[in-house]
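Peer 1: Each chain, letter by letter, is given below.
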Amino acid sequence: VNGTGEGKLRRFDVGDALSLVAAVMVIVGLFMALVYAPDAINLPAGPVRLTQHVFYFHVASAWVGFFAFFVTLVGSVMYLWKGERRWDILALSSVEIGVAFIAMVLVTGPLWARPTWGIWWTWEPKLTTAAILELIYVAYLMLRAMTEDPERRARFAAVLGIVGFIDVPIVFGAVRWWGATSTSAHPIVVRGGGFDIGPKMLTALLFCIAAFTVLYFALLVWRMRLERLRDGIRQLKQTWRGR
Amino acid sequence: LRFIHQVLTIVWKDVVAELRTKEMLSSMFVFALLVLFIFNFAFDLRVANVVALAPGVLWVTFAFAGMLGLNRSFILEKDQGCLDGLLLCPVDRSAIYFGKMLGNVLFMAVVEAIVVPVFVVLFNVPFRWELVVVILLGDLGFAGVGTLFSAMAVNTRAREVMLPVLLFPIVVPAMIFAVKLTGAILDGHPLLRVAGWLRWLVGFDIIFLVVSYMTFDYVVEE
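In the order they appear, the protein sequences are chains A and B.
Using the working numbering, the letters of the first sequence correspond one by one to residues 1260 to 1502.
Using the working numbering, the letters of the second sequence correspond one by one to residues 311 to 532.
It is possible that some hints are incorrect.
Unchecked claim - Reference excerpt, derived from the structure (chain B facing chain A, CB under 7 Å, subset only): (1) Val370; (2) Ala468; (3) Val482.
It should be emphasised that the hints constitute simulated quantities derived from the structure, not laboratory data.
By construction, the Cβ of each residue, glycine as well, lies at the ideal position given by its N, Cα and C atoms.
Start from the sequences and build out the full structure, keeping to the hints where you can.
Peer 2: In structure tokens, the structure reads:
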């Protein structure tokens, strides 16, 4: 209560709202994943059954990661087509979030795989695809960092944003063919339109996916604002120098 | 037809420039030999089943040597200001792309024409003519997207360092197909037995040639 009421009567802000919803949903999601969702009774008791609970965040992160890179593809195509900076900002912001979430996938996966499979890692299609995906988009960020001219940086990044995304299904297909003789060890939860898990587990999974998607959009809004602020500062500096 | 003539002119330009110095071919060749030697000691290839390791050794060698060639491909153009000249030419940008790409495939093929016999002798594997088809298709996939990235990498701060970081993750599928096919051929299977893999490799080549052709304009645009 500072008298002016400015703080109270602030206009509705998408970033704030999304952040708030995301924060609540992620906390509830944590509860859903750890408490609400029952233990997988078909798994042996002990660490295997316990670590199965990472599944909810693992799948949700993977979904957000792929979705983020898809958004980058859209931003990249639109940038090359229209040449507007905002599409470049969208592509860049989405890549950074996607890299973070796929990194999470690559960490949570082995955490579960080690007790279940006895190994941290195997060259299985989904794992390999996720790893190569991560490398492509880390290269995307490096390419941006290494290109001086902003306009050229945006063009190069857009080209990689397109080429990289096209590569993903091919990598997946290639690795699947490569290991066609051995059966894949990665669990398949969605099969032929149905889900291979119990109703409570499904609720928890869908809730976590929703929570992470909201989180994605919250991060995206803030990251895009940050980039626009940077642009503003750059412009201010230039006008200052020009005087 | 005019287009093909323009493409071939650009290839010819690269060939003449290379024949003057022979810098790229000789360095690629010596480098490829060194990689083969290093593999010999690193893997100790005097194991019972050399053929099991041979396809991987061969393609890693090609990929490394090809990387050298791709790096030089646009650095020369850039440093001598030749790229600006090319862009000012009254030819379609895609002619520049296909010219440079075919030049890169050609250089890789020349080096491989010498490396493969050495490889056959050193590692005591059988040579079969089907290999030529697979190697050329693999080169096409590698140089197809490699030429695009090379034009990008040359305009970045790190240049030589940037290209492998960009290119290797993307060409992983092509490497998988090529290694599989090479392995099948060295095992003595006829090409038709592995037609599925061949189709994948050709598919990769076509997809990335088209995508590179479509995006090359944006890379060289000034």
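Peer 1: State for each hint whether it applies.
Peer 2: These are the hints, each one checked on the structure:
Given the 7 Å rule on beta carbons, the hint for Val370 (chain B) is violated: about 16 Å separates it from the nearest Cβ of chain A. Because the beta carbon of Ala468 (chain B) sits about 5 Å from the nearest beta carbon in chain A, less than 7 Å, this interface hint is met. At a threshold of 7 Å, the smallest CB-CB gap from Val482 (chain B) to chain A is about 6 Å, leaving the interface hint in force.
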